Structure formats: C-alpha cells, structure tokens
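Quick note, the sequences are listed as chains A and B, same order.
If you count by the working numbering, then the first sequence holds residues 1 to 279, one letter each, in order.
If you count by the working numbering, then the second sequence holds residues 1 to 454, one letter each, in order.
Everything labelled a hint here was simulated from the structure, so no lab data went into it.
Mixed in with the good hints there might be a few duds.
[As the list claims (entries may be wrong)] Ranges between beta-carbon positions, derived for each pair:
hint	chain 1	residue 1	chain 2	residue 2	range
1	B	134	A	249	45 to 53 Å
2	B	313	A	266	55 to 63 Å
3	B	303	A	168	37 to 45 Å
4	B	199	A	256	25 to 33 Å
Only a predicted model underlies this, so the values are computations on that prediction, with no experimental measurement involved.
No residue lacks a Cβ here, since even glycine has one placed at the ideal position from N, Cα and C.
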Amino acid sequence: MAREENDTPTPQADAEPSSPPDRRKLLGLLGGGAALAAVASLGGCKTTSPRAEGAQTRRWGMVIDLKRCIACKACTIACKNENKTPPGVAYGVFLEEEAGTFPHVRRTAFFRPCMQCEKSSCSKVCPTGATYHRADGIVAVDYKRCIGCRYCIAACPYGARSFDYGHDYIADAKNGYNLIPSSEYGAAYGTRAKGKSPSGNVRKCTFCLHLQDENGDYREPTACARTCMGKAIHFGDLKNPEATCLVHGEKMQALLAKRSPYRLKEELGNEPAVYYLPA
Amino acid sequence: MTNTLQAANEGRSSRLLGHVVLLALSAVGIWALSVRFSEGLIVTHLTQHVPWGLWISLYIYFIGLSAGSFLLSTLIYVFGMKRFEAAGPLALLQALGCLVLGMLLIWIDLGHPARFLNVFAYWNYSSVLAWESALYLAYSVVIIAELYLVLRPALARRAHSGGPLAGLAKKLAFAGEAEEKAWRSKAARWMLLLGIIGIPIAIGVHGGTGAIFAVVKSRPTWYTGLFPIVFLVSALASGGALLTFLTAISSRLPKAQKLDLVRSLGRLTVGVVALDLLLLGSEMLVVFYGGIPHHVAGWHQIMFGPFWWIFWFVQVGLGAVVPILVVLGKRTGNAIGPLAIAGLLVVFGIIGVRLNIVVPAQIEPEFATLPDAYHHLRFVRGYFPSGNEWLVGLGVVAIGTWLFFVARRLLPLDEAEQLAGDHSTAAAGPPPIHAKAEGRPAAAAGHVSSGGDL
C-alpha cells in the first residue's frame with residue numbers, strides 16, 4: 001500500500017531490475033501494478049489537477065462556533081455583496097432545521113460555505129479539470145475552461161455549488177449596478193453579460209481568494225467571517241499549529257482542541273476544511 | 001393486382017403523413033433549440049439541486065439504445081448467431097443514429113456548448129465523463145467502420161444495378177460483383193475483429209454511462225455497484241426492443257423469414273427485460289431492508305412520489321410485464337403485429353426507466369432544508385421540465401427519427417438484409433422447408449432453436 005502513496009512512480013524507474021527478467025512477465029506485472037496504483041489513487045487522490053496557485057505552506061479553513069451564532073444570516077448577505085453573485089447563485093447559505101413538538105422544540109442552524117474538501121468530489125468528476133485544487137487547499141473554478149456540464153453539482157455532497165443560469169437582479173445592462181464586475185478571482189472575468197462567463201458556468205465559494213496578497217496571505221478575512229457579529233466564524237490557516245484566526249486572533253488549533261469539533265458528513269471521507277463547534 | 005396497388009398507395013400516403021408529422025415536429029424542435037441557444041439554460045426548469053433533467057435522461061436513453069443495438073449486432077458478427085443476421089445492418093444503423101442523438105442531447109445540455117472540445121484539450125483522467133467522451137468517439141468509429149463493411153456488398157450491387165446512391169457507389173469504384181464476393185470473406189474477418197474491439201467499448205460506453213451516476217456518493221440512490229450493470233442490461237433490453245419493432249415494421253424479408261427473425265428478437269428482448277426486473281428487485285430489497293433514510297428517500301420518490309405512475313405503469317407495467325406476457329402468449333407471440341407492439345412498449349418503457357434514474361435521486365437535496373435557505377426558483381424542491389425542454393427533447397427525437405428513416409431508404413439496407421438472409425439460410429444448413437409454414441409454430445420453433453446457444 002505504501003507504494004501507492006509515492007508520487008507517481010515512473011515506469012522506467014521500476015523497469016530496471018538487476019537480473020535479466022522474463023520481459024513479457026515483467027511488463028505484465030508492471031501493467032497490473034500500474035492499473036492497481038491508478039485505481040487506488042482514484043480512491044484517495046488529494047488533487048486531481050493541482051495547480052501552483054496560493055501558498056503551499058497554508059491550508060485555509062474555518063472553525064464555526066455554533067454556540068456564538070445567533071442565526072442573523074449576515075454572513076450570507078456579506079457573501080452576496082462581496083462576490084456579487086446573481087439571483088439563484090449562492091456561495092454561502094444558512095441552513096435551519098426545526099425538530100420536536102411544542103413546547104419541546106429544538107432548532108439547529110448553521111452556516112454552510114464551501115467545505116474546500118481535501119478530497120473533493122467536484123474536482124474528481126470534472127471532465128475538463130476546470131475545477132481544481134490550489135496549493136493552499138482552496139477549490140477554485142476556471143470559468144474559461146468550464147463547459148457547464150454540472151457534473152460537479154450532482155457530485156457535491158454539501159450542495160455547495162451553483163450553476164449560473166443567467167438571471168440578473170437588474171435587467172438593464174447600462175445600470176450602474178451592472179457596470180461593476182464581481183470581485184471574485186480578482187475581477188478577472190469583467191462585467192456581467194448574457195452568455196458570457198461566469199454565466200453558463202458552475203460557481204462556488206472560493207474563501208474570497210481575491211482578498212489574498214501576492215504571497216497568498218489574506219489582506220483581510222473572508223466576507224462572511226469579517227461580518228459575523230457574534231464572532232462565530234473563525235478563519236485562518238489550519239496547517240501551521242501557531243496560526244491564529246484572522247478575525248479574532250484565537251489560535252485555530254486551540255479552538256479545535258478545546259471543544260469536540262465535527263465536520264459535516266464525515267462518513268463520506270471528503271475531509272472538509274470547515275469545522276463546527278457544537279452549540 | 002389492384003389489391004397490391006392499393007396497399008402500395010396506402011403505404012405511400014401513410015409514409016407521407018409520417019414525413020409531414022416528423023418534419024413539423026422537427027421544425028418546432030429547431031425553433032425551441034434556437035431559443036435555448038440564444039437565451040441559455042435559463043429556459044430550463046433545472047435547479048441547483050436537480051442540475052440534470054429531461055435532456056440528460058434522454059441522453060442516457062439514446063446511449064443505451066445505441067449500446068444495446070450494437071451489442072446485439074455482435075451476437076451476429078462475433079458469436080455467429082446466424083438467425084439474427086438479417087437484422088445486423090439495421091442494428092448497426094440504429095446504433096449509429098442513437099449514438100448521434102445521445103451525444104447531441106448532452107451537448108445541448110452544456111452551459112457552454114461551444115467549449116465541448118475542452119473535454120479533450122484538458123482531459124481529466126479521474127472523471128468518468130471524460131472517459132465516456134473518449135469512448136463515444138472510439139465507439140462511433142467502430143460502428144461506422146462496421147456499417148461500411150456490412151453495406152459494402154449491397155452498395156456494390158447497387159453501383160451496377162442502379163438505385164439511390166448508385167452514382168456515389170460508382171464513384172467509390174466498387175469492383176464487380178464477383179470480386180465483391182471474394183472480398184466478403186475478408187470483410188467477415190474484419191467484422192469479427194471490429195466486433196471484438198467493439199464489445200468492450202460498447203460495454204464501456206453504457207456501463208460507463210451508468211458509472212457516471214454510480215460513482216456519485218452524494219446521491220445514495222445512484223451510488224451502488226449494481227447501477228452500471230442495470231444500465232447495461234436495460235440498454236440491451238431497449239436495443240433489442242427497438243430492433244424488434246423496426247424489423248417488424250420496415251423489413252422486406254419474406255413473411256415467414258421475417259416472423260422468425262422478429263420472434264427471435266422479441267424473445268431475446270423479454271428475456272433481458274426479465275433479467276432487468278430481477279436486478280431491480282434485488283436493488284429494492286437491499287435498499288428497503290437496510291432502511292437508511294437517504295437510500296430509501298430516492299426509491300420512495302420513484303415509487304410513491306408525484307410521478308409514481310411512471311414507475312408502476314410506464315416502467316414496470318407497460319415496459320416490462322405486458323411485453324413479457326405478449327411474447328410468451330401462444331397467439332400473440334407468433335404474430336408480427338403484437339410482437340412489434342411488445343417491442344415498442346419496451347422501447348417506450350425504458351424512457352420511464354431513464355427518467356427514474358436521473359431525476360428522483362436528485363429530488364432529495366443534500367440537506368433537507370436547503371431549498372428553504374434561498375428564495376429563488378432555482379432553489380425550489382422538485383423538478384418538472386419546462387416547455388422548452390419538452391419541445392427540444394421532442395424535436396431532437398423527431399429530427400433523429402426522420403434522418404433515420406431517410407438513411408434507411410437511401411442506404412442499401414434492404415439489399416444487405418436480403419444478402420444476409422440468403423447467407424443465413426444457406427449457412428443454417430437445413431433447407432427452408434418451413435419457408436411457407438408460417439402459422440406452424442413447431443416448424444418455426446425448430447428453426448429458432450437450430451440457430452443458437454443463447
């Protein structure tokens with residue numbers, strides 16, 4: 001099993017045995033081994049199409065403290081504002097559920113951004129590799145490459161992806177609102193127009209990666225974390241044990257150590273980068 | 001004499017009516033397509049929870065028909081089941097037509113159709129859809145090559161005796177009929193080779209299309225190892241059924257020979273349909289016994305949801321039980337008409353199967369209250385295709401059907417069938433004593449069992 005953990009072994013390196021072997025047998029073995037390795041790597045692949053974007057030394061993540069959350073949903077408004085998502089497209093949503101019968105009722109509520117999974121289902125199924133892992137763990141979408149097949153939406157266990165069906169808040173293209181481009185991906189895709197990307201693409205939360213500086217560190221935290229008045233959304237680096245929340249300054253690892261954190265649908269093995277602290 | 005003349009006239013007028021209806025539907029479809037392409041997918045009723053709808057259902061439906069038809073043709077060209085041989089050319093044409101329709105439908109469904117080549121330019125090896133795109137291409141090459149080999153002798157005959165495409169055939173410089181005969185044995189070897197290459201490709205094409213869904217762990221109804229197999233089996237069922245129907249309505253073989261062929265195809269089809277029911281039962285047993293809420297939800301949606309009748313009436317009733325009874329029936333199982341209807345019912349029923357595969361599994365959102373989290377029509381629970389989706393679907397099917405019948409008339413399929421028919425009776429050995437013994441099931445059944453080892 002350990003062999004499959006290696007970085008893609010080149011067949012040439014394996015094909016240099018000390019004694020002259022039965023070539024055909026060896027080739028067969030190699031072929032079988034390669035096939036096995038391929039299947040195994042399919043099961044556990046971290047990045048299907050990694051690209052050298054973002055800081056290798058970081059793993060951006062969130063710790064959402066549900067005890068502090070007052071369910072005001074300002075996070076979703078901040079998200080809309082920051083990314084200027086059109087109607088019907090939602091990056092961060094707020095989910096509420098009621099249970100029990102009066103007077104013994106209970107309400108669960110939580111904010112759901114993209115989980116930025118370590119083993120993301122979306123990038124695995126994407127036929128073009130348009131959705132991909134950055135070095136800092138954020139899952140991004142290359143709108144120019146995306147063909148809009150929506151396989152990733154079907155595959156995402158968290159419902160975190162939206163297809164841009166082309167709805168607009170204001171129909172008039174000359175309206176001032178429509179002249180400002182969305183700031184996501186550094187406003188790389190310009191002003192919104194019919195039939196032009198990101199219309200017709202699948203879109204998702206990017207942990208506001210346009211707020212990163214050239215070193216891949218955040219100039220300011222994500223919109224949802226920044227706006228949270230209960231200080232419930234902690235955002236920071238999960239890789240470095242000393243890293244602190246960019247909004248409130250607590251050590252990220254310490255937050256996770258104190259209370260029993262959980263991740264959504266842990267059983268699926270996607271390894272999200274978003275943790276919840278129980279209410 | 002007057003009788004046949006009248007019949008011919010009737011045939012011509014009903015054919016004319018068919019053309020008119022198909023062309024009208026095609027025109028409506030082209031208009032709907034133009035709206036879809038100018039406005040984008042905003043014209044659909046797809047949502048963020050149900051991103052795949054009617055067009056994807058039709059896409060897997062036609063890919064299934066294609067793979068099923070092709071696999072049936074390999075029974076002839078690889079496994080040497082001579083009794084099906086006359087149906088071979090039609091099976092291949094059907095496989096090609098349905099593949100084109102399937103690819104067209106998934107292309108229409110893309111958010112950026114103009115970028116479809118990105119799949120090949122930036123091929124992502126871990127995506128089943130990327131593998132499928134490559135397989136569809138390889139598969140179309142195999143089918144076209146096989147179709148050419150099968151039709152070549154008939155085309156050559158036409159080059160000399162005239163008929164549609166005779167000019168083209170002459171331009172392709174086919175040799176004389178005698179040389180063509182010598183060439184034919186070489187072609188048989190090629191057909192065997194192409195068939196052998198084609199079998200894993202066809203299995204990959206449709207089993208793989210099933211795998212597109214089966215690997216999606218976020219939708220528990222799809223996420224089973226049985227799923228790709230169910231796809232393959234229902235593909236064979238639909239392919240066999242369509243072949244039964246089209247052979248029954250369009251073959252010009254002598255009546256007895258035709259009945260034999262249609263009956264063999266019908267029996268094969270309902271056998272596969274029965275196997276499909278077995279797999280369905282197994283799947284349902286495991287899901288309901290386990291009772292895991294998410295697994296059950298999808299099946300609950302299929303069986304008791306708002307479109308429960310698709311499952312009970314279209315998929316199981318008309319699509320499986322009725323055709324099985326028709327083919328097994330003593331009288332109905334030995335007459336071309338009822339057999340044709342049984343085939344058509346299965347073809348129709350599999351549409352229900354495909355719809356039930358794609359849509360209900362997506363209805364239950366990833367989180368139960370997700371539809372309430374955002375108030376917009378793209379976030380509502382449930383899905384029903386929009387008018388544009390229906391018209392595009394209908395139009396594309398009409399265009400495909402019309403092109404199929406045009407190709408059926410232009411290409412020398414009748415001659416190829418005839419040649420294959422002669423060949424198969426010659427190869428089957430015993431003289432065709434029952435050639436006029438239609439209505440004598442014993443003799444006919446003897447012929448059926450002499451043919452193969454199915």
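- Task: Sort out which numbered hints this structure fails and list those numbers smallest first.
- Result: Hint check: 2, 4 fail, others pass.
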